[in-house]
Amino acid sequence: MSNSRTIYDKIWDDHLVNESEDGSSLIYIDRHLIHEVTSPQAFEGLRVSNRKVRCPEKTLAVVDHNVPTTDRKNGIADEESRIQVEALAKNCKEFGIEYFNELDIRQGIVHVIGPEQGFTLPGTTIMCGDSHTSTHGAFGALAMGIGTSEVEHILATQTLIQKKAKNFRINVNGSTPKDITAKDIILSIIGEIGTGGGTGSVIEYAGKAISDLSMEGRMTVCNMSIEGGARAGLIGPDEKTFAYMKDKPRSPKGDDFARAIDYWDSLNTDKEAYFDREINLDAGSLPPVVTWGTSPEDVVSINGEVPDPEQMDENRRDSKKSALEYMGLKPGTKIKDINLDIVFIGSCTNGRIEDLRQVAKVVEGHHVNENLNAMIVPGSGLVKEQAISEGLDKIFMAAGFEWREPGCSMCLAMNPDKLLPGQRCASTSNRNFEGRQGFRGRTHLVSPAMAAAAAIAGHFVDIREFNK
Amino acid sequence: MEKFTNLTGVAAPLPEINVDTDKIIPKQYLKTIKRTGLGKALFSEMRYNDDGTDNEEFVLNKDKYKNAKILVAGDNFGCGSSREHAPWALLDFGIKVVISTSFADIFFGNCFKNGMLPIVLDQKEVNLLMSEAERGSNATLSVDLENQEITTSDGNIIKFKIDSFLKHCLLNGLDDIALTLEKDKNIGSYEAKIKNDRPWV
Chain A
1214 MSNSRTIYDK
1224 IWDDHLVNES
1234 EDGSSLIYID
1244 RHLIHEVTSP
1254 QAFEGLRVSN
1264 RKVRCPEKTL
1274 AVVDHNVPTT
1284 DRKNGIADEE
1294 SRIQVEALAK
1304 NCKEFGIEYF
1314 NELDIRQGIV
1324 HVIGPEQGFT
1334 LPGTTIMCGD
1344 SHTSTHGAFG
1354 ALAMGIGTSE
1364 VEHILATQTL
1374 IQKKAKNFRI
1384 NVNGSTPKDI
1394 TAKDIILSII
1404 GEIGTGGGTG
1414 SVIEYAGKAI
1424 SDLSMEGRMT
1434 VCNMSIEGGA
1444 RAGLIGPDEK
1454 TFAYMKDKPR
1464 SPKGDDFARA
1474 IDYWDSLNTD
1484 KEAYFDREIN
1494 LDAGSLPPVV
1504 TWGTSPEDVV
1514 SINGEVPDPE
1524 QMDENRRDSK
1534 KSALEYMGLK
1544 PGTKIKDINL
1554 DIVFIGSCTN
1564 GRIEDLRQVA
1574 KVVEGHHVNE
1584 NLNAMIVPGS
1594 GLVKEQAISE
1604 GLDKIFMAAG
1614 FEWREPGCSM
1624 CLAMNPDKLL
1634 PGQRCASTSN
1644 RNFEGRQGFR
1654 GRTHLVSPAM
1664 AAAAAIAGHF
1674 VDIREFNK
Chain B
7 MEKFTNLTGV
17 AAPLPEINVD
27 TDKIIPKQYL
37 KTIKRTGLGK
47 ALFSEMRYND
57 DGTDNEEFVL
67 NKDKYKNAKI
77 LVAGDNFGCG
87 SSREHAPWAL
97 LDFGIKVVIS
107 TSFADIFFGN
117 CFKNGMLPIV
127 LDQKEVNLLM
137 SEAERGSNAT
147 LSVDLENQEI
157 TTSDGNIIKF
167 KIDSFLKHCL
177 LNGLDDIALT
187 LEKDKNIGSY
197 EAKIKNDRPW
207 V
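Chains as they are written, first to last, in our numbering: chain A, 1214 to 1681; chain B, 7 to 207.
Derived from the structure by calculation, the hints contain no laboratory data. Since we're looking at a predicted model, the values are computed, not measured.
Calculated pairs, DSS-like style, for lysine-lysine (alpha carbon to alpha carbon, straight line, at most 27 Å):
no.	chain 1	residue 1	chain 2	residue 2
1	A	K1223	B	K189
2	B	K130	B	K167
3	B	K201	A	K1376
4	B	K9	A	K1376
5	B	K189	A	K1376
6	B	K9	B	K189
7	A	K1303	A	K1265
8	B	K37	A	K1306
These stretches of chain A come out as covered by chain B in the derived footprint (C-beta under 8 Å, 3 or more residues):
no.	stretch
9	1232 to 1241
10	1292 to 1306
11	1334 to 1344
12	1530 to 1536
13	1614 to 1627
14	1639 to 1652
Stretches of chain B that chain A covers, calculated by requiring three or more beta carbons in the stretch to come under 8 Å of a beta carbon on chain A:
no.	stretch
15	36 to 42
16	106 to 112
Where a beta carbon is used, it is the ideal one built from N, C-alpha and C, also for glycine.
Using the sequences and the hints given, assemble the complete structure.
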């Protein structure tokens, strides 16, 4: 048997604390991110069992899901949200964990701030009680979403009990055409493998179209691994990764940085490494895509139409029929004929500076369509600050967008940013599930550029034509 | 954690595929700082009408399924968010076993942390149990974890597979943090090694 290993194999091997005969393993967790929604019960568990946090310095806390995106200097009006936010502050103080509160410039969506602070490092294990933790895999880290019991387990032991997953490689070959973004790549992948396609696997994204992506684009791809069923997705670290890591507040410095690069470089998948599954996609043929249903796998080209469930496999037919009913769409409707009420730009999928630059490029000199409302929510305070320093805020406001404070916002609508029943939204977020963005709200997932163009037109348009 | 050994009860059918955790428990119920009392929130957007009354069409509102302890579900159950509130809500309602052709990984793991048993079967077997569940309260299922068997009211037996470590934890109601803390020495020596090998971490 060959000694060749994948990057996942290598990170796994380097974090193995103990292996039991039954195949369950204890792996060490280098980095732990927490937020207000999935951590209170974990801290409560520690208190009940009279346990301590083993390594408080390896956990970083931030508030993101619940915070309003309007001015919050006077506190949070919603009582339950306020209690949850206060609980995080109190728990962090009691257990000695660093915490970015809602007024801290470094506050933002947990998956935006980790990389920004250099808390996220290649070759580390990174866990968070949030399924989009896969985002951090963009740096060649093993990053996974976990439940609250596992949050408690990490706080108490700095480890997790795991079974090794399968290796699944997705090669996106060739060059991506102009105006096709990381979001179109990952939505197309999910359309291809299905929302359960990556279950039980760690996905490695490879190929020219992936290495051509910026770190921001790679984060968008890895972020939505979970929408393809994979708990983790990762990309081998390269010069772009190392350049991004340099001079981040918490990244290694001096000799340590040079040593770290050698180590990070050594983690890349060996040539002969074994993959349980491998698929290939041609980047050159990818169109801008839009979702039509209530699962991220319901993907169609901008030039396509709403499909007919009657033509689908019988196990899927009824579910897809009810999805169309929920979405208020009829088979055969052209995607470009779908009118919108709301445009949401933000989230851990597409709330970084590169996303905002793409939006600014599209909307500069235009105005948001009079029939809809459009909002932009930066992924963090630092993203917001950067956008302002580039003058993007002025472009957005001149074009009629609402320019908000950072947080998860309408991606999951736990704060006051919600769709009303029946409202239809073009969203740069990651989930089009029923009720996700608000009770009976209807979500179409798209790239930031496509969302921006739709905001101007009032309906979906082909960004390739819009930009001509 | 409570032990799981045997369970006999009514099974409710939910044939829909890709039932996500937003559907199992919508976000407005995630603002709690407790694990308990979430049963009323289970499937809330399907279960209640706009005025808050029960939607009589929804399976768990039908008299014969009000006391269901088992759910037979479509493929890829529990996909989406990592919220452990999903198994907490099922458990609080009284459902301890979910049967499907596949589960999303995080949801699957979360069940075991709460003394619940998710069972994976092939499509044919799930179809059989789905039609069994559709018979309502006249047809109960019995789940025997030790012998890894499901017995239908007609005496049909379906075997299921389960990871031996997870089975051991469920049968004995083990707290896995306590189990891991027994390995404190291993964790300590790993930490010492890393300090030397990868000091930047």
